[in-house]
Amino acid sequence: MLKVLVGAKRVIDAYAKVRLLPDNSGVDLSTVKMAMNPFCEIAVEEAVRLKEAGKASEVTVLTIGPKQASDVLRAALAMGADKAIHVHVEERIDRDILPLSIAQLFRALITRDNYNLVLLGKQSIDSDSNQVGQLLAGLLNWPQATFLNKLEIGQIIRATREIDGGLQTIEFPPPAVLTCDLRLNTPRFTAIPAIMKAKKKPLETLTPDKLGVDLTPGYQTLSVEPPDKRKAGIKVESVDQLLDKLRNEAKVI
Amino acid sequence: MLSKSTISIKRSVSSIINGNWNLTSEQLAIQETALRFSKSEIAPYANEWDEKGYFPRDVIKKSADLGFGGLYCRHEFGGIGCNRLEASLVFEALATGCVGTTAYMTVHNMCAWVIDHFGSVAQKKKWLPELFQFEKFASYCLTEPQSGSDAASLQTVAKVEGDYFILNGSKMFITGGDASDLYLVMCRTGPKEISCIAVESPTQGLSFGRRELKLGWNSHPTQLVSFDNVKVPKENLIGGMGTGFKIAMQALDGGRINISSCALGGAWFALAKAQEYMQERMQFGKKLVDHQYLRFKMAEALTKLTGSRIMVRHAAELLDNHNPARITMGPMAKLFSTDNCFDVANMALQMHGGYGVMRSYGVERAFRDLRILQIVEGTNEIMRLVIAREMFKDQDNQS
Numbered sequence: 001m002l003k004v005l006v007g008a009k010r011v012i013d014a015y016a017k018v019r020l021l022p023d024n025s026g027v028d029l030s031t032v033k034m035a036m037n038p039f040c041e042i043a044v045e046e047a048v049r050l051k052e053a054g055k056a057s058e059v060t061v062l063t064i065g066p067k068q069a070s071d072v073l074r075a076a077l078a079m080g081a082d083k084a085i086h087v088h089v090e091e092r093i094d095r096d097i098l099p100l101s102i103a104q105l106f107r108a109l110i111t112r113d114n115y116n117l118v119l120l121g122k123q124s125i126d127s128d129s130n131q132v133g134q135l136l137a138g139l140l141n142w143p144q145a146t147f148l149n150k151l152e153i154g155q156i157i158r159a160t161r162e163i164d165g166g167l168q169t170i171e172f173p174p175p176a177v178l179t180c181d182l183r184l185n186t187p188r189f190t191a192i193p194a195i196m197k198a199k200k201k202p203l204e205t206l207t208p209d210k211l212g213v214d215l216t217p218g219y220q221t222l223s224v225e226p227p228d229k230r231k232a233g234i235k236v237e238s239v240d241q242l243l244d245k246l247r248n249e250a251k252v253i
Numbered sequence: 001m002l003s004k005s006t007i008s009i010k011r012s013v014s015s016i017i018n019g020n021w022n023l024t025s026e027q028l029a030i031q032e033t034a035l036r037f038s039k040s041e042i043a044p045y046a047n048e049w050d051e052k053g054y055f056p057r058d059v060i061k062k063s064a065d066l067g068f069g070g071l072y073c074r075h076e077f078g079g080i081g082c083n084r085l086e087a088s089l090v091f092e093a094l095a096t097g098c099v100g101t102t103a104y105m106t107v108h109n110m111c112a113w114v115i116d117h118f119g120s121v122a123q124k125k126k127w128l129p130e131l132f133q134f135e136k137f138a139s140y141c142l143t144e145p146q147s148g149s150d151a152a153s154l155q156t157v158a159k160v161e162g163d164y165f166i167l168n169g170s171k172m173f174i175t176g177g178d179a180s181d182l183y184l185v186m187c188r189t190g191p192k193e194i195s196c197i198a199v200e201s202p203t204q205g206l207s208f209g210r211r212e213l214k215l216g217w218n219s220h221p222t223q224l225v226s227f228d229n230v231k232v233p234k235e236n237l238i239g240g241m242g243t244g245f246k247i248a249m250q251a252l253d254g255g256r257i258n259i260s261s262c263a264l265g266g267a268w269f270a271l272a273k274a275q276e277y278m279q280e281r282m283q284f285g286k287k288l289v290d291h292q293y294l295r296f297k298m299a300e301a302l303t304k305l306t307g308s309r310i311m312v313r314h315a316a317e318l319l320d321n322h323n324p325a326r327i328t329m330g331p332m333a334k335l336f337s338t339d340n341c342f343d344v345a346n347m348a349l350q351m352h353g354g355y356g357v358m359r360s361y362g363v364e365r366a367f368r369d370l371r372i373l374q375i376v377e378g379t380n381e382i383m384r385l386v387i388a389r390e391m392f393k394d395q396d397n398q399s
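Here the protein sequences come in this chain order: A and B.
Using the working numbering, the first residue of the first sequence is number 1, and each one after it goes up by one.
Using the working numbering, the first residue of the second sequence is number 1, and each one after it goes up by one.
Please keep in mind that the hints were generated in silico from the structure rather than gathered at the bench.
Some hints here could point you the wrong way.
Said to hold, decoys possible - Each computed DSSO-like pair below joins lysine-lysine, with the alpha-carbon atoms no more than 30 Å apart:
id, chain 1, residue 1, chain 2, residue 2
1, A, K229, B, K393
2, B, K126, A, K17
3, A, K200, B, K52
4, A, K33, B, K39
5, A, K83, A, K55
6, A, K33, A, K17
7, A, K201, B, K39
8, A, K197, A, K3
9, A, K51, B, K62
10, A, K33, B, K62
11, A, K150, A, K3
12, A, K199, B, K61
13, B, K52, B, K39
14, A, K197, B, K52
15, B, K62, B, K159
Said to hold, decoys possible - These stretches of chain B come out as covered by chain A in the derived footprint (C-beta under 8 Å, 3 or more residues):
id, region
16, 25-36
17, 56-67
Just so it is clear, CB atoms sit at the ideal spot from N, CA and C, and this is done for glycine as well.
Working from the sequences, and respecting the hints, build out all of it.
Right, dumping it as structure tokens:
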């Protein structure tokens, strides 16, 4: 039976307008709505479905973040997770804690609690690193299947991945690390009775030093800048002129 | 240079705008689930529903899966057991999508509560499960063509004939119109006696006027309901003979919080729209957000919305705690919030300039829907009457 660990990150709401701090040191989170990372939601949904299908005995949801990140845990518990773990950090999780540190925190808990399946979102919509799943699999020396489009668990794990060329299906036994992509499932709305039940589910709070993990980043973010403003277009007189501009100015052909 | 001072992931102004600055984790989750439902199932369609006068039964029914069909009813027959504050959060969130649709849902919830609170076990068993699932829809009939604020002067009569009541009369402006399956009707059962009788639809003698064309609330029908010798079994009496007025008043105590919550949601939507617009629109070389007068208008509006939220939620808490002050706080919250939230929507419409007039922006729909809240579930004039009555109770008793 699978004992599942799911990661859920508290990020800026997917529909919020992103604004930068005046000194370009990062995104301004002071006036913005926060939510569970959409890909993490898909991971939580998949984990809960595994439990409902009798493939997993227990689902534990983990978040690394500030005090308010526990909201994301409550949401995951309301979706059907059994237990929650909150690794409390004060640093900005969208900028100052690197994927390797996150993977190390996950590894510490996997060692402690003996999970044999990890479900993560493929990436978070703030830092968009797309590294935690892959790094974690490397640290644990476990098989990984990333960008999941479909997941079937029988005697063996059968994972269908979205890759540039289309879809790739791979098979391997647990333990494993899986990261979820958009089309894997549609997360459920949480019903109010489930939200009320979530209150009674266990939530453990920890700090990184208790897990023996050093969060010192290997690199720093120097500045965060907005993408280039869209420039006005120009009219061309002929196809030859268009080709010339595409080849010599835009350099795209 | 890593700067700890920019770690402002604490609660801040965004949580004031989003009305969750001091919610518990659980309350936040409840608000969040209602907001999500509103954002994905209601908001994208609200303009169309308003324009076409379309009643979204299917969407309302879908919300039953989340528990929105029996929010503040007890668990016994499938109610969700939320308290009034939690219910307020849900209705406020849903109203950000569509005030009219949410207003209908509050009426249905109020009717379910009446049965849950005053009904017999047999009545609860018969009606509640289907109401909670939005398999059956309920409407509330108090107002008549000749009696609105003066509710006690109602003329619809229920005469006892053997094992039946025979109802004659008509009820006006009924939310839900002919779309409901169950009507809770306040009737005169004696010269000074009012009783609450449940009428199932369809039934012989029950008929409906045409669908009214309205200023707002267009996503649900509002119709005259006529009773022409409608025969209902005496088992349909709720709460006992003569308890109708008490039932009506207690139902409206809660209904008032619900309607006020709709006002909060509509104003929140309009304010957020204005905020967004101000970041995009430029005139005289700067964005609207950089014009001080306009910023001040928004600051006033946020203050009005926040004050309204605090009053409504406090009134909800007092209702939950049976605090005697609830008698006055409820009407004060309704008066304060419906007036102020309408002002917020009005300002937001003005902030959009010409675009505020365009249907596609949605702000004028909130403006129209909110105007109605100053009238329903006790006009704001009646709210003043109740507040003044409580204020001058002692003097009035002495004279």
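Hint by hint, here is what the structure shows:
The suggested pairing of K229(A) with K393(B) is violated, with an alpha-carbon distance near 66 Å, which exceeds 30 Å. Between K126(B) and K17(A), the direct Cα distance comes to roughly 49 Å. Violation of the 30 Å bound is thereby established for this hinted pair. Note on K200(A) and K52(B): the hinted pairing is violated, with a Cα-Cα distance of about 45 Å set against a maximum of 30 Å. Distance hint between K33(A) and K39(B) is fulfilled; the C-alpha atoms sit about 14 Å from each other, no more than 30 Å.
Restraint check for K83(A) and K55(A): the C-alpha separation of about 17 Å stays at or below 30 Å, so the hint holds. The hinted pair formed by K33(A) and K17(A) meets the criterion: a straight-line CA distance of about 9 Å does not exceed 30 Å. Restraint check for K201(A) and K39(B): satisfied, since their Cα atoms lie roughly 28 Å apart, inside the 30 Å limit. Taking the CA atoms of K197(A) and K3(A), the gap is near 21 Å; set against the 30 Å cutoff, the hint holds.
At roughly 24 Å between alpha-carbon atoms, K51(A) and K62(B) fall within 30 Å of each other, so this suggested pair holds. At most 30 Å may separate the alpha-carbon atoms for a hinted pair to count; K33(A) and K62(B) meet this at roughly 26 Å. Of the pairs offered as hints, the one joining K150(A) and K3(A) holds, with about 19 Å between alpha carbons and a cut-off of 30 Å not exceeded. Distance hint between K199(A) and K61(B) is fulfilled; the C-alpha atoms sit about 26 Å from each other, no more than 30 Å.
With a CA separation close to 20 Å, the supplied pair K52(B) and K39(B) stays within the 30 Å bound. Using a Cα cut-off of 30 Å, the hinted pair K197(A) and K52(B) is violated, with the two alpha carbons roughly 40 Å apart. Taking the CA atoms of K62(B) and K159(B), the gap is near 39 Å; set against the 30 Å cutoff, the hint is violated. Coverage of the region 25-36 of chain B by chain A holds in this model, with 8 residues showing a Cβ closer than 8 Å to a Cβ of that chain against a need of three.
Evaluation of the coverage hint for the region 56-67 of chain B: fulfilled, as 3 residues show C-beta separations to chain A shorter than 8 Å, against a requirement of three.
Hints 1, 2, 3, 14 and 15 from the earlier list are contradicted by this structure; the remaining hints agree with it.
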